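> Single-letter residue listing:
Number of protein chains: 6
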Amino acid sequence: MFFHRKELIQPVNVGTPSALFGTFLLEQFGGATGELTAALQYWVQSFHVEDAEIRDMLQDIAVEEFSHLEMVGKLIAQHTSKMDQASVFEAPLFKLKGGGPHFLDSQGSCWNAAYIQEGGNVVRDLRANISAEAGARQTYEALINVCEDEGTKKTLHHLLTREITHANMFMKALASMGKLDDPMFGNIPPDDTVKLVFNLSTGEDARGPWNDKPDFEYIENPEPQGGMPMPPINPDDEHHASGGIAVMEKPKTRKKG
Amino acid sequence: MFFHRKELIQPVNVGTPSALFGTFLLEQFGGATGELTAALQYWVQSFHVEDAEIRDMLQDIAVEEFSHLEMVGKLIAQHTSKMDQASVFEAPLFKLKGGGPHFLDSQGSCWNAAYIQEGGNVVRDLRANISAEAGARQTYEALINVCEDEGTKKTLHHLLTREITHANMFMKALASMGKLDDPMFGNIPPDDTVKLVFNLSTGEDARGPWNDKPDFEYIENPEPQGGMPMPPINPDDEHHASGGIAVMEKPKTRKKG
Amino acid sequence: MFFHRKELIQPVNVGTPSALFGTFLLEQFGGATGELTAALQYWVQSFHVEDAEIRDMLQDIAVEEFSHLEMVGKLIAQHTSKMDQASVFEAPLFKLKGGGPHFLDSQGSCWNAAYIQEGGNVVRDLRANISAEAGARQTYEALINVCEDEGTKKTLHHLLTREITHANMFMKALASMGKLDDPMFGNIPPDDTVKLVFNLSTGEDARGPWNDKPDFEYIENPEPQGGMPMPPINPDDEHHASGGIAVMEKPKTRKKG
Amino acid sequence: MFFHRKELIQPVNVGTPSALFGTFLLEQFGGATGELTAALQYWVQSFHVEDAEIRDMLQDIAVEEFSHLEMVGKLIAQHTSKMDQASVFEAPLFKLKGGGPHFLDSQGSCWNAAYIQEGGNVVRDLRANISAEAGARQTYEALINVCEDEGTKKTLHHLLTREITHANMFMKALASMGKLDDPMFGNIPPDDTVKLVFNLSTGEDARGPWNDKPDFEYIENPEPQGGMPMPPINPDDEHHASGGIAVMEKPKTRKKG
Amino acid sequence: MFFHRKELIQPVNVGTPSALFGTFLLEQFGGATGELTAALQYWVQSFHVEDAEIRDMLQDIAVEEFSHLEMVGKLIAQHTSKMDQASVFEAPLFKLKGGGPHFLDSQGSCWNAAYIQEGGNVVRDLRANISAEAGARQTYEALINVCEDEGTKKTLHHLLTREITHANMFMKALASMGKLDDPMFGNIPPDDTVKLVFNLSTGEDARGPWNDKPDFEYIENPEPQGGMPMPPINPDDEHHASGGIAVMEKPKTRKKG
Amino acid sequence: MFFHRKELIQPVNVGTPSALFGTFLLEQFGGATGELTAALQYWVQSFHVEDAEIRDMLQDIAVEEFSHLEMVGKLIAQHTSKMDQASVFEAPLFKLKGGGPHFLDSQGSCWNAAYIQEGGNVVRDLRANISAEAGARQTYEALINVCEDEGTKKTLHHLLTREITHANMFMKALASMGKLDDPMFGNIPPDDTVKLVFNLSTGEDARGPWNDKPDFEYIENPEPQGGMPMPPINPDDEHHASGGIAVMEKPKTRKKG
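Chains U, R, F, A, G and P supply the protein sequences, listed in that same order.
Letter by letter, the first sequence follows residues 148 to 404 in my numbering.
Letter by letter, the second sequence follows residues 148 to 404 in my numbering.
Letter by letter, the third sequence follows residues 148 to 404 in my numbering.
Letter by letter, the fourth sequence follows residues 148 to 404 in my numbering.
Letter by letter, the fifth sequence follows residues 148 to 404 in my numbering.
Letter by letter, the sixth sequence follows residues 148 to 404 in my numbering.
The set of hints was computed from the structure by calculation and includes no laboratory data.
Keep in mind it's a predicted model, so treat the numbers as computed, not measured.
There may be inaccurate statements among the hints.
Since copy identity is lost for identical chains, a pair holds within one copy or between any two.
What the hints assert, rightly or not - Each computed BS3-like pair below joins lysine-lysine, with the alpha-carbon atoms no more than 30 Å apart:
hint : residue 1 : residue 2
1    : 342       : 301
2    : 229       : 153
3    : 301       : 229
4    : 153       : 342
5    : 229       : 342
6    : 360       : 229
7    : 229       : 300
8    : 153       : 360
9    : 342       : 300
10   : 360       : 301
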């Protein structure tokens, strides 16, 4: 069960509103790397994760992300609170759709659940979360880099910080399962090709710990092992009963040149 | 520059075609965790990653994923090569849209680039890739679990294996940067709240390495630190010049009860 | 700031799990008329609604909807908790993507923010909410009609009830502004065509309070009042400087028959 | 059966074309609140509404909306008819995709049917329509507020007016069923929680006709009534026959700290 | 300006309703190759096509497609008019969303304007239309092949026929411009590589009029002509003023193995 | 099986980078008419096309399109390689999401597979391809028209040229089947309405080879042939067992005025 207090989890104080910057902020409200993605991803995982301790962690962080979504929304509300005619040209989105946040990204694309990665296995879920935190942190850095308002920057800096905290929590949880640096998980072990690495893009070829002994066996000049595939057989070739509709002679497929 | 040989990178031999299972396989052709997502994600990253060695790794793996996409496509083509009237009810997708693969998932939703996570920083990219590999591996396990054809299973097992290989490569690359177990990256250090963990979902509260000393400071009963937010100021409240259109008296906002 | 307690706002007790019915339930978790739509719609409105009292109402209801989303998620989790091989054919979505809820609808389409209607004006927002509640109530009735588990039905009945409560609250709020039965709002009064009704679909023409005196003036045989529109002028017709690329003679647009 | 006359239902005369304003106008051609949404929503409802009189009303209005879509399209065609090099920067959409209207909104997002609300019950449909009209009216006001061309403004003013007319028609139709101010409809009555209102967002709590006696019973400090939910049971835990693929020992889920 | 008569352009008489077949029919109501796509594509083209004669043709066909959309909608309405409990399992879409047509395809995906191809040039538009007609015809054939109701089949046969008629009209219009068999159009002639054909997929290489003399020059073993591309330069490398936020030392990008 | 060489198929040399123009270029990387659409469309067709010769052609062209996608990506990478503070306002997409290409169009909308047209029949596929090439060529012309960098223009000119080559190849292949100027294909012949053309949009009516004798029979004043459609029968009208939930009296549908 959810509860809400109208006070914010951390302060939001915009000094100089900028509707244009408000548009950029949508990236973290209704964008792919934003707080809604994080909140819903961690929370939906909590419904299928069996381990009660991990579930508690996911729910703690999800609820914090909802409060961060609220902070980003308040930032946007403040940045769009003093729009005038000039803003039409720099932030038409708010002039046409109304001030305040919307579940759109900075390009006006609707948030959608394809941004979320989850399902089937807690290791997979936690890896998805480390990725989500990295994306969120990256966007906060980009926003700070183009931000000119100190109050806004301070809030964004806090939000960036918390993504690092959460990433650390997810890493520690994965490490506690031995899965931070072990690629394998689940119920099916790999087959005997697991150490092979194929040099499929040639030129500026490089070697490093990701494709070298002892963990990997590098195939310099890989060749197809699968032979020619079976040709397609058109499933519509059969003679359908056509219910009173005369069936055409099939056209010759080609006049050879 | 790309080249293609019509032989497959690994064999694909379906014993008993099943159009229904063909529908399930779409998940890895045109679905969120599928080979197209992997191929395009790693490849698009290679355009902005500065480090030539990591770029080479991304391109090697991306090109392999294109060849895996081809294998999944061939699996689907074979599973839909002998559809009969019964298939209409168990796999209408192929009856209506034609046999063979399509860039749809098992639910008939179009593949879209919202599945891709990339941009801005190589550490973020590599974390996204470890997540992508985990999702792909998970779906291959799910497919194997419901697969009844040995030939198909063998191919899926190989594809599952390669996801583990790639995950291992990405982990080794991240480790070589010291970023596999360090949550921080990029140019902005965290602020002083980075160790705080908030107990925001109460009940069955659990403690573990992800929210305990020495890495974290646990706040048992967090309180709002942000105070009441500023109220919204409607940007449309101003008196617009209305170009000949009479402006209404603003309606009283409410008859108090 | 959000808080969460792990106890549910109302009980969820599934008697006989059915993964197929779990699929249907997704309609109210990640579907157009579902609880996520309601929660996010009312909450995002609260950022731009100026009236503190209406804002409080919107937030109270939004937070309840988050708790309802949790209930629907728990229903789905219970319905998918005992899937066996048979479920592959009746609920492949969960077999492939994992048990528990996902932000998809019953057809496997991702939730997206195009389902949300909000922005610019509190009257518009409240009308959108009455519509949203009607859609949610309708889907709950449809689910109850095809549900065979008494425990599930009881929960769905409660959720249906709450949509009626919320609709009533939104109606009372609109009525308090005099806007429940007055079509006009905002700052621009209508022009003098506001009473005209056009009979544009002929056959079985009907008259009723929606197109009759005294509120309306019915035009039996409407005629175009706008004349012929201006023809398009191709903006690409101009002679562009083409930077070294020879410009073709424009092809004759047609050999007249 | 549809018929079309090339004359417009009402005049469209743009004085000073502006490709930038043409971009804004897309909001009502291919946007969420635009004429396509209205036309298709009312028309698709007419296929399932049983009451022939309401069906006639829906079809009359739908056909008018198609004619309004045509008017908006003509506005856009005129606003994009004289684009020059300068327009690349203010309206690249038309420079790249061609002049004239497209089924995109002002942000370049494709129109999609998720904007439509309909189905299952005429009361639900009519409430959806009142909401749709409110959204359309709101966007027309926003467009008029940023419009500098008198001819365009006159057309937009007419279109805004008609949304009020249609809203009035839908309200009168709902009132004729006794459903304009009665939240209940359909075949299932509410349970006994229908009068409860929960104070779930605390701070600036307000009371009004929407949460007060006699229609409502206000719960100041709501508590969870649902107890702890059942924990998830992983459906993948069963021992699958794995068809020749060795099953791994399940990894220990965690090394306790 | 649009007009509508409630009689259908051609008869629709379903003998034996099947909600499952109703689901399939959605493909031509709200699906990619359906009548809505055709109607809107041709109609939106008419706004930018300069040639009044072609514009008239586009509008004539568009209006017919709206009437065909109505026929498909009526087919669906009849097929879903007698749903019983059995229908839940074979056509849950209608049970949950209501009977009658919706702007969804047979897989439950929302219609969206990405299905439409148009813009910028009449030759491009007409080629898009020949493609659209081919897609529509193909789906009608697929539907007829799985249809068991004679009345439905007769209607589908008529609709299939009309797609051939329209394709023929578009072909004749293109031929009248000399553009049915001439690949070039627009204002920029090709460069001198226009006759080259590259053998980039090797194995089962074939020659035919599409890659042979005199129209083409076949390159058996193509080589890269573009050299190594410039490496990416990270645009975020610059030293941003960071507004009070301390800038981290950039982490070493890698510990060499 | 795919192979990649890091050299480009043709040179890419941007003289003066412009992040704004980089945004426009996204149209051909992640946009509807772009190289990804072409590459994936032709390649996915190759899985179901039975004719080995046509399949070889499709694969040859698909692989070239992947190399073109790479060229467009490199153009974008170069145009975004020197972004400074000024670019935030002209190309925020890259500032927020990172430099280099993304699978988005110039408006920031995700690429999605709804752009692809394929399936069921080789004639349909080839017509779809001629359409795709026309769209791609049109966008390249639009890009050249607004491009100010000679190096970029040269590359775009080559890419435009190749679309003409491919269109020519597809035309020659269709002609070899006798299907370039014959609207019919597939297994079902048209019914006897195939020559009728309906004058459904009146005003500025035109005649030409597309609606005139001998190929067509023009119906000047078409009338409905289908009679009044059957009224909808609400499938929810039946009396459902309601599992303990009392069924309401159905509300009177209307108080007649």
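> For each hint, tell me whether it holds in the structure or not.
Hint by hint, here is what the structure shows:
no.: 1; hint: 342 / 301; in the structure: between (47 Å within a copy, 18 Å between copies)
no.: 2; hint: 229 / 153; in the structure: within (23 Å within a copy, 40 Å between copies)
no.: 3; hint: 301 / 229; in the structure: both (21 Å within a copy, 28 Å between copies)
no.: 4; hint: 153 / 342; in the structure: between (54 Å within a copy, 24 Å between copies)
no.: 5; hint: 229 / 342; in the structure: neither (60 Å within a copy, 36 Å between copies)
no.: 6; hint: 360 / 229; in the structure: neither (61 Å within a copy, 38 Å between copies)
no.: 7; hint: 229 / 300; in the structure: both (19 Å within a copy, 24 Å between copies)
no.: 8; hint: 153 / 360; in the structure: between (57 Å within a copy, 24 Å between copies)
no.: 9; hint: 342 / 300; in the structure: between (46 Å within a copy, 20 Å between copies)
no.: 10; hint: 360 / 301; in the structure: between (46 Å within a copy, 27 Å between copies)
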